[in-house]
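Novice: All chains, please: the whole structure from these sequences, using the hints.
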Amino acid sequence: MKLLVKIGGTLLDEVSSRTRLARELAALKDDGHAVVIVHGGGKQMTRFLGERGIESRFIDGLRVTGPEVVDAVLKVFAGSVNHTLVSSLVEAGAMAVGLSGIDALLAEAEQLSPELGAVGRVIRSNPAVLEVLIAGGFLPVVACVAGDRNGGVFNVNADQMAVACAIGFKAEYLIFLTDVEGVRNAEGTVIPLMRPDECVHLINSGVATGGMQAKLNAAIEAVEGGAGQVVIAPGSLDRVAARIVAGEEIGTRLASLSSLEATHA
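Residue numbers for the sequence shown follow my numbering, so the first one is 274 and each next one is one higher.
Some hints could be false.
Said to hold, decoys possible - Taking lysine to aspartate or glutamate and the DMTMM-like style, the derived pairs with C-alpha atoms no more than 25 Å apart in a straight line are:
1) Lys-443 / Glu-522
2) Lys-316 / Glu-328
3) Lys-275 / Glu-297
4) Lys-348 / Glu-383
5) Lys-316 / Asp-344
6) Lys-275 / Glu-494
7) Lys-275 / Asp-303
8) Lys-443 / Asp-470
What the hints contain is simulated information worked out from the structure, not anything from laboratory work.
Specialist: Printed below as a string of structure tokens:
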């Protein structure tokens with residue numbers, strides 16, 4: 274089965290959490306699944322900039338990325354965060370390979386808005402490099418940095434990077450491992466199963482805001498783009514990805530109506 278697992282930067286900030294997730298994802302690969310990992314690193318980026326006296330500024334939840342921040346994007350996302358995760362996966366027995374969207378234009382982007390600076394929107398993905406690596410027995414680990422054909426470098430929202438890779442890769446599951454239990458309704462209860470139209474209602478009604486709103490928008494795009502099923506789940510649970518793939522109800526699962534009908538046929 275083709276699996277795209279997106280790991281939030283918060284889960285990777287602690288050695289124990291990163292080590293556990295690396296072991297679990299390496300085990301999924303050993304079980305015969307084709308696994309691709311996309312990771313964030315916003316927490317690490319804010320800390321890196323703060324240590325250098327650079328203020329983190331955001332517009333609509335997106336980090337303003339001026340020239341001095343572009344350098345940090347490469348050092349943090351494609352550098353330290355990516356390499357430490359790759360090292361943990363190698364230690365766990367998986368031959369992981371660190372990548373960014375710049376490599377072989379895995380993710381080609383264009384500038385989202387001049388006021389955001391070098392923040393990009395992925396306009397197309399090239400999954401060939403992922404397929405080649407997986408066929409060779411490797412586990413690709415993709416940082417949320419994209420490029421263009423003019424040598425540009427773009428900071429890309431990690432959820433959007435995961436969606437672009439999942440669609441290009443034709444992932445059967447896109448699993449967002451986060452620091453929340455799932456999508457909650459107005460009463461605060463985790464919703465186990467949702468359709469895209471239900472996600473839109475949750476956003477329009479003001480129940481899903483901020484980071485969860487962004488995740489739901491990404492999830493809708495993934496499902497409508499043919500990425501199979503999307504699950505938003507807590508990365509703190511043991512063997513969470515393996516349990517999801519095995520059919521256990523964890524977090525919130527989002528699928529198209531046709532996919533749900535096929536599942537229950």
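Novice: For each hint, tell me whether it holds in the structure or not.
Specialist: Here is how each hint holds up against the structure:
Under the criterion of a C-alpha separation no larger than 25 Å, the hint pairing Lys-443 with Glu-522 is consistent with the structure, at around 22 Å. Distance hint between Lys-316 and Glu-328 is fulfilled; the C-alpha atoms sit about 13 Å from each other, no more than 25 Å. Among the hinted pairs, Lys-275 with Glu-297 is consistent with the structure: their alpha-carbon atoms are about 16 Å apart, no more than 25 Å. The suggested pairing of Lys-348 with Glu-383 holds, with an alpha-carbon distance near 21 Å, which does not exceed 25 Å.
Between the alpha carbons of Lys-316 and Asp-344 the distance comes to roughly 16 Å, so the proposed pair stays at or under 25 Å and holds. A distance of roughly 18 Å separates the Cα atoms of Lys-275 and Glu-494; the hinted pair therefore holds under the 25 Å criterion. Proximity of Lys-275 to Asp-303 is assessed by CA-CA distance (about 13 Å); at most 25 Å being required, the pair is judged to hold. Using a Cα cut-off of 25 Å, the hinted pair Lys-443 and Asp-470 holds, with the two alpha carbons roughly 22 Å apart.
Checked against the numbered hints above, the structure breaks none of them.
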